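Build the complex from these two chains, which are given one at a time in their own frames, with help from the hints.
Line by line, the protein sequences are chains L and C.
Under this note's numbering, read the first sequence as residues 1 to 69, first letter to last.
Under this note's numbering, read the second sequence as residues 70 to 542, first letter to last.
FYI, nobody ran anything at the bench for these hints, they're computed from the structure.
One or more of the hints may lead you astray.
[Unchecked claim] Quick list of simulated restraints, FRET-style, between CB atoms:
no., chain 1, residue 1, chain 2, residue 2, range
1, L, G43, C, M394, 29 to 35 Å
2, C, A460, L, D21, 18 to 24 Å
3, L, V6, C, R172, 36 to 42 Å
Since we're looking at a predicted model, the values are computed, not measured.
Here a beta-carbon is modelled for each residue, glycine too, at the ideal position from N, C-alpha and C.
The primary structure of each chain is shown beneath.
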Amino acid sequence: MAEITVEQVFQMAGALGLEVDEGRARVIASRLSGVIEGLGEIGEDMLTRAEPAHEFSVEPEMGSVTDGE
Amino acid sequence: MANDGLHLLTIAELGGLIRSGRLSALELTRAYLERIERLNPTLGGYITVMGESALDEARRAESEIAGGSYRGALHGVPLAVKDIIYTRGVLTSAGSRALSDHRPNYDSTIVERLRGSGATLLGKLNLSEFAMGGTIEHPYGTPRNPWNLDRSAGGSSSGSAVAVAGGLCAGALGSDTGGSIRGPSAFCGIVGLRPTYGRVTRHGAVPMSWSLDTVGPMTRTVEDCAIVLSAIAGRDERDPSSSAEPVPDYLAALRDGARGARIGLAREMIEYEGLDDEVRSSVTSAVDQLAELGAEVGDVGLPISAHSGAAFLATADVDAAAFHMERLRTAPDLYDWNTRARLETAALTPSVVYLRGQRARALIRDELMGALGDYDAVAMPTAPTLAPPIAQSTGSPGGYYQGRRDLGRRRYTSPAALAGLPAISVPCGFSERGLPIGLQIIGRPFAEARLLAIAHAYEQSGGWHTRRAGFEG
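Only chain C is shown next, with the shape it has when bound in the complex (with noise of 0.2 Å):
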């Protein structure tokens, strides 16, 4: 099979070609590479490309579908995960020079399923620093918006939507404590799911929030989203926080689609002054559309929620501070300058300040849980704008992480991060600059097989996941 547009090629299809032995893993595997060290320079998606170990995997990997042993749809498939996940020996920087020599000693169970599944592992993927959001100056190079290069990719996982958006890997996994894997999904054009708290393990992974951090998938379709989570979700004896929830058949419930699916469009997330009016266009178009499919449509009012932003830097960045606090200390100049100033800003922080954000979060949890008792899903913009000029979304002051500005597009994504649910983002229209905008819904807890079904039929329907980014001329 001709290799120049393997990269084009859903986690399914690729799947199909591999198992019936049309496609080498190898070969696609030998494709991937060739795109990364072509294009990486110009996305900086990748900060450590694992081209040896990933030739291995896929050799293996063919031999054993060679030999009958077909381990599912992820057997063959090349992959990338964010560089806070621990991979054996290889650097995990977490995006920060504080981490340059940091080569852990054992793999993240996150990593071993993916391998268990017979992915194939291509390398570590660039993030804002520590997953935090608003690194100004990335030490191991600026990622960039595949959909325009002076663009930011959003944070933290930026790399992994890159990767995924620029076809440098066939998915990735990324981190979503307030927003780090819908936001840059939104910006790039891409899936990206964030999984309720504890269905996916945080093993192995370098925390920022222990209350709110998770790991997730991010792909160019929805199916292939329900495919990588099918590998990653459920109980790990070395995550204390994960669940023993049983894992349904994801791929099996994207059949039920969005029709009888109540529906509510957070009014004051809609309604709001900064949000771009192209993004709103695009959005309650989206929601006509699931109407369109049978989804029953109503509005819901979260007005506590719309406060949600503070309540997420009091809670989230003051557990980073703890984590952070000996380095701050000691070792200060490793950080980014607009790191350094949040994890100081949060180690300052009043504990009564704290503890109001406390109670902010349990008020803004009960309301969601209240809109969600009245219906199935909640459906919002992903983020308020379209993805800004890379100066300005940086934490510098005056930039997209700043102030107000900082506050309104947190309410976008702290909600359902501060209740612990699982939120999607699809891509739901592009604006008239080609900039892609992101659609997010909001479920119940562990109901992420509801979401891929409505988050699928819409996508289906729309058919914006079929464009690609022009970046390569």
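So here's chain L without its partners, still in its complex pose (with noise of 0.2 Å):
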């Protein structure tokens, strides 16, 4: 995926209704940025073939930690 730019913050955090200025804006492209990279270090195989967890519970036999209904 690609890089976050800073207009494309201020374009989504007017449509959300929040008020962001030009340094946090910066600030906040990065951080989005590093979430974007950080995932994308996982492979994006791997990434693709791997159900979401969803609603989370964990059970107590091994094996068997649950998502979902």
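See below:
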């Protein structure tokens, strides 16, 4: 996925009704790009193969951590 | 009994003295309140001190015990709780100006359980704003590490760690969404346990992330941790995520020790280039020590978990943004600069990125559960660094909570959180400059008893828990 730019931050913040100034927009763009980059380091093949974890619960027996319904 | 050294005693020791009548619960509470009054302005551990009600509770405890109604190891023992935990009629600020007049009209289940066990509640403890970490300006005072007052106590359960390490309470509760119990415990040289998700009720706790939040004990010893966990664990009808899994006898389990336990040292966490040399050395020595105690030690690969920081932020912070969205729009100036920037970052996270975080979470969980199929526990450092200077530990650009450095530190505490697994941090040494170092041990779902047994065996052999912070000069 591509980096998030400061302009995109302003656009998205405006759509959500959030007031963001230039300084914070730069930090937000950098942090958001960092998250995207960090997830990308896991590897596209693995990520697209995995079923997303939705509702989360933990069962006591090994191997029975469950997602969702 | 002389009051001078009461704050040095463990919960187990205090309980024994109180039960036998050699220590007055009321005198003990008075001694702690005197220390809080004298030292809290320096340490910044407490937001609210509940002096009057604490003395009432101590009087009641003393009277009950004298009358033969002893409730157990916490009866008459002074504890304190992180200020996200609801207390009826008492400020519950979550460390934020946004909740500066928030006085709940009910107690959280956890507070009910602590009081039910006879504990005395000394007050509400400082934290990073809304339990998120990286707060720049703490509106209720900056928590300072008792081992070095210029150093951070970590986050977000900073006040809990400061109060326990500084002898301002006998034990405390913190909360851990992505490391908020374990990190401060490591930085402040105490024991902190993140329970399995659902092991301890979250009812009446200000949320950060619904699928990650846990509440757990922070104490000076593993035995004390077992005592407090016994009091708060178990199903709560008021928290649908809490588990009905039976609560074992955690204290009895301590006798199991580490012999025969299979422990895998996480390779990627030890080889990480950002890991402080003194931390690496202390943690590997600790694992060697566990082998000497009879554990079967090997190494385990966690290549996906090494990238868990981004998955954590994409999950937990987006949950938090959903909780804060309305206030972010209408009163954003009430937030600390960094909390606000972090919440806004999360609010602007594209849904596709959030879903990629959930995919990553599933992979990390499977990887960790796979490792725990081969091993009883996985060991790694709790934090890659020593406690940073307070100025560097804030979320201001370039600080400890920024960029690659932030993702680097998160790789240590995010995996267990994302997988919902229990994890304990136990002191495993000190740097040359006298800063504490923590060993983290992660276990299978609901295997807190096993973790406590391993950690207890290590603690008793290492003796690090007997050191005391010298901030009083």
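Going through the hints against the structure:
1. G43(L) - M394(C): 29 to 35 Å: holds, 32 Å
2. A460(C) - D21(L): 18 to 24 Å: Roughly 23 Å apart at Cβ, these two residues keep to the hinted range, so it holds.
3. V6(L) - R172(C): 36 to 42 Å: Cβ of V6(L) to Cβ of R172(C): about 41 Å, so the range 36 to 42 Å holds.
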